[in-house]
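Chemist: Residue numbers (the working numbering): 269 to 577.
Hints may be right or wrong, so weigh each one.
With a cut-off of at most 27 angstroms between alpha-carbon atoms, the simulated DSSO-like pairs for lysine-lysine come out as follows [to be verified]: (1) Lys373 with Lys555; (2) Lys354 with Lys456; (3) Lys555 with Lys544; (4) Lys529 with Lys566; (5) Lys529 with Lys373; (6) Lys529 with Lys555; (7) Lys555 with Lys566; (8) Lys529 with Lys544.
These are computed hints drawn from the structure, not numbers from a lab.
Keep in mind it's a predicted model, so treat the numbers as computed, not measured.
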Amino acid sequence: METQLPTWLLELIDNEHVTDILLSESESLADYGDGLVLLTDFQVSELELAAIERELIELGGRRLDLANPFADVCLPGGLRVHAVLKSGCSSKTLLSIRLHQAKVKTLSELFNTLSASPLQQTIIREIVDSGESFLISGPTGSGKTTLLRAMLSGSTERVIAVEDVTELAGNNIVCLQSRSINVEGQGKIALEQLVREALRMRPDRIVVGEVRGLELMAMLQALNTGHRGATTIHANNLFQVPERLSTIKADLAISDTAFFKMIAAAFDWVIALEAKAGTRSVSGIGKFAIEAGELVVKDFQPRQKLALA
């Protein structure tokens, strides 16, 4: 695609080692795979950065102005862009770019860079083959979406994917993207509505890119009535997942008991990722359970044979 983007930014985007680019007038950072480092080879002004943001957001078919100073888009080549204009909401113009590889990795390719034991690799492959529902957890930058894409790519299912910004792709994936309100204050299409629309599209699996709010309830209702699904959630480790889900539950009109039962019935597996010292790894694989009235995740410790039943 033809752009007026500066050469230094295009070079960063084209660098296969770069995973994140964070720009502001006062400080610019990039992650080359080993954590964020300061970029000292150039300086960008507020005006230049705002122009870059508007071009990127327009390429994604969305709008960025003082009436709407935040915007997210996903662009060809695996770029996820988050732009913030200097406004009453922010004292600075800020640009965050996450770079996913344009080619979806297979699980075999992913396990060359994602650290996982042979047993963990076997379980993850069995989860894909079995078609069971799963949730991937981890902190920012741990590779949740990358693993989700790889697991979906190994399936022949018809997948309906619901996201705020389209990041999942594949011949078997139909993508639905949420929409913000327009200048008239209308036209918003939220994730929970898209989940309900997905139910009418003959899905083999419903995928929510990341659960953060009301869309979780719509997904649980679908998964508790015979559908299969997959999603991701921000949590630092396997055992913090119930706490994170309970935080989301605070906005839902449902009792703890009913909510815990729906979670345990909806998801067959929880896969936890972590990122330390530039290395991404599978830190645990577990299953939901209810103990003493509380939702917990129990480490999956197979005995002699792997059995997913």
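Chemist: Are there hints from earlier that the structure breaks, and if so, what are their numbers?
Modeler: The structure breaks hints 5, 8; every other hint is satisfied.
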